[in-house]
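Order-wise, the sequence lines are chains A and B.
Take the first sequence: its letters are residues 1 to 117, numbered as in the working numbering.
Take the second sequence: its letters are residues 118 to 384, numbered as in the working numbering.
Don't take every hint at face value.
[Claimed, not checked] Not close to chain B: a few residues of chain A, all C-beta gaps over 12 Å, as computed:
1) 14
2) 21
3) 22
4) 24
5) 27
6) 29
7) 35
8) 38
9) 43
10) 44
11) 47
12) 49
13) 81
14) 94
15) 100
16) 115
[Unchecked claim] Only pairs whose alpha carbons sit at most 25 Å apart, straight line, appear in this in silico SDA-like list of lysine to any residue:
17) B:354 <-> B:287
18) B:375 <-> A:89
19) B:254 <-> B:236
20) A:89 <-> B:287
21) A:89 <-> B:238
22) B:375 <-> A:17
23) A:89 <-> B:347
24) A:89 <-> B:344
25) B:375 <-> A:14
26) B:375 <-> A:20
27) A:89 <-> B:346
28) A:89 <-> B:354
29) A:89 <-> B:266
30) A:89 <-> B:248
No lab work stands behind these hints, which were simulated from the structure alone.
Note that this is a predicted model, so its numbers are computed, not measured.
Cβ coordinates follow ideal geometry from the N, Cα and C atoms, glycine included.
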Amino acid sequence: MEAKKSHEPIFWTLFSAGGVVAALLLPVHLFIFGMAVPLHWIHGPAYNLLLSLAQMPIARLYLFVMCSLPLFHFAHRFRYTLYDGLQIKHLNEVVFASCYGIAVLGTVAAGWLLWRI
Amino acid sequence: MAAGGTRVRTANSDRSESITMARNIDIELQVSRYSPEQDLEPHLQSYRVPIRDEWVILDALNYVKDKIDGTLTFRWSCRMGICGSCGYMINGEPKLGCATFLKDYAPGPVKIEPLRNFPIVRDLVIEISDFLEKLKKVKPWLIHEGSNGQGEYLQTPDQLEQFRQHSMCINCLLCYAACPISGLDPIFIGPAALALAHRYNKDSRDQGSAERMATLSHPDGIWGCTFVGECTRVCPKHVDPAGAIQQYKLAAAMDGMKSFLMPWGKR
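Model the full structure from these sequences, guided by the hints.
Below, the structure is given as structure tokens:
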């Protein structure tokens, strides 16, 4: 069987890395900044302190990766859910462009927001 | 008289008890029948068979074949989970007939059908030549150039442990019946063949991983798998095909990255 050049390794790697971020890092951040601080379970850092932390290049990069990779994880999983769940593999190009398009848009939006803070 | 009456009552109650027991100790099998010369599609046929503690589904099928209906057709051989011949859908779940106890399905009925996702030859017998072709494609044998000049190739326990789990496959095809992708995409190479390819790639004596990579890192190979994981759940030998495929994906992705970043390098 002749090996067909596949782009799948790239998208699977993004999916896989996004899965790790979504499973390990996101819940920690959501718990701390989405629940524990607003509900006063813990005393959060002052806004200005947090803002100056988020303005550090390494923190921006971290936040960018945390926003972007889970979007690619979603795109890959949702793409196959549409293929197999709705049996629309014949619409491959549309599904592919829509799913990864959303991930790219989200990534650009995250990059733009992080750039402006 | 009284004594006689008691005896009569005892005899009656014994008889009714034995009738009740007879009802409890047999079970209805609903077996899928299909004869390509006569039937347009498979249909279910009912048989009542006794339940015995030590009987597995295969014993029940053999009872039907020997005592009730000699035309019933099914594959079996070793009766001990080694040959992989007696895979059936038992109440909708892919299982080995020789490793599934009949009494677990009491009071019944038990529905026995051929493995899903395969063409049916007759009754419970499936057509497996497509799988055999796929198996051949992944080169499930040791590929090794030359000789070490010392006879045997020794392995450490750690090296053996790398692939031992994946070498337990008996080709029973339960994983193909459980895999939704195999059902949707017939050209998908499928769990057992991919796990077996991984088994040889992980073997320290093998040198064929690059050769296999060309075949397996393919949309119909490992990338066809969406990690549903049913193959691993139903595997009677705990081969973990889903895990093997994910490990293989990582290796293929690293290989892909390497050839992308260093296109001049040797694959």
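Hint-by-hint comparison with the structure:
1. Some Cβ of chain B comes within 12 Å of the Cβ of residue 14 (chain A); the nearest lies about 10 Å off, and the non-interface call is violated.
2. Every beta carbon of chain B lies more than 12 Å from that of residue 21 (chain A), the smallest distance being close to 16 Å; the non-interface claim holds.
3. At roughly 15 Å from the closest C-beta of chain B, the C-beta of residue 22 (chain A) stays outside 12 Å, upholding its exclusion from the interface.
4. No Cβ of chain B approaches the Cβ of residue 24 (chain A) within 12 Å, the least distance being about 17 Å, so the stated non-interface status holds.
5. Residue placement check: residue 27 (chain A) keeps its beta carbon more than 12 Å from all beta carbons of chain B (closest about 20 Å).
6. Look at residue 29 (chain A): its CB is around 25 Å from the nearest CB on chain B, clear of 12 Å, so calling it non-interface holds up.
7. At roughly 30 Å from the closest C-beta of chain B, the C-beta of residue 35 (chain A) stays outside 12 Å, upholding its exclusion from the interface.
8. The Cβ of residue 38 (chain A) sits about 35 Å from the closest Cβ of chain B, beyond the 12 Å cut-off, so the non-interface label holds.
9. No Cβ of chain B approaches the Cβ of residue 43 (chain A) within 12 Å, the least distance being about 41 Å, so the stated non-interface status holds.
10. Look at residue 44 (chain A): its CB is around 37 Å from the nearest CB on chain B, clear of 12 Å, so calling it non-interface holds up.
11. Every Cβ of chain B is farther than 12 Å from the Cβ of residue 47 (chain A); the closest lies at roughly 40 Å, confirming the non-interface assignment.
12. Listed as a non-interface residue, residue 49 (chain A) keeps its Cβ farther than 12 Å from every Cβ of chain B; the least gap is roughly 38 Å.
13. A cut-off of 12 Å between C-beta atoms contradicts the statement that residue 81 (chain A) is not in contact with chain B; the least separation is 9 Å.
14. Every C-beta of chain B lies more than 12 Å from that of residue 94 (chain A), the closest at about 18 Å, which supports listing it as non-interface.
15. Distance check on residue 100 (chain A): its Cβ is at least 15 Å (rounded) from any Cβ of chain B, clearing the 12 Å threshold; non-interface status holds.
16. Once the 12 Å rule is applied to beta carbons, residue 115 (chain A) is consistent with being away from chain B; the minimum gap is 27 Å.
17. Taking the CA atoms of residue 354 (chain B) and residue 287 (chain B), the gap is about 8 Å. The hint holds against a cut of 25 Å.
18. Distance hint between residue 375 (chain B) and residue 89 (chain A) is unfulfilled; the C-alpha atoms sit about 30 Å from each other, more than 25 Å.
19. With a C-alpha separation of about 20 Å, the suggested pair residue 254 (chain B) and residue 236 (chain B) falls inside the 25 Å cut-off, and the hint holds.
20. Among the hinted pairs, residue 89 (chain A) with residue 287 (chain B) is inconsistent with the structure: their alpha-carbon atoms are about 32 Å apart, more than 25 Å.
21. Annotation: proposed proximity of residue 89 (chain A) to residue 238 (chain B) is violated, straight-line Cα distance about 30 Å (limit 25 Å).
22. Restraint check for residue 375 (chain B) and residue 17 (chain A): satisfied, since their Cα atoms lie roughly 17 Å apart, inside the 25 Å limit.
23. The suggested pairing of residue 89 (chain A) with residue 347 (chain B) holds, with an alpha-carbon distance near 21 Å, which does not exceed 25 Å.
24. Distance hint between residue 89 (chain A) and residue 344 (chain B) is fulfilled; the C-alpha atoms sit about 17 Å from each other, no more than 25 Å.
25. For the hint pairing residue 375 (chain B) with residue 14 (chain A), the CA-to-CA distance comes to about 15 Å; that is within 25 Å, so the pair holds.
26. A threshold of 25 Å between alpha carbons decides the hint, and for residue 375 (chain B) with residue 20 (chain A) the separation of about 22 Å falls inside it, so the pair holds.
27. Annotation: proposed proximity of residue 89 (chain A) to residue 346 (chain B) holds, straight-line Cα distance about 21 Å (limit 25 Å).
28. As the CA atoms of residue 89 (chain A) and residue 354 (chain B) are separated by approximately 33 Å, the hinted pair breaks the 25 Å bound.
29. With a C-alpha separation of about 52 Å, the suggested pairing of residue 89 (chain A) with residue 266 (chain B) is violated against the 25 Å cut-off.
30. A hinted pair counts as satisfied when its Cα atoms are at most 25 Å apart, and residue 89 (chain A) with residue 248 (chain B) qualifies at roughly 23 Å.
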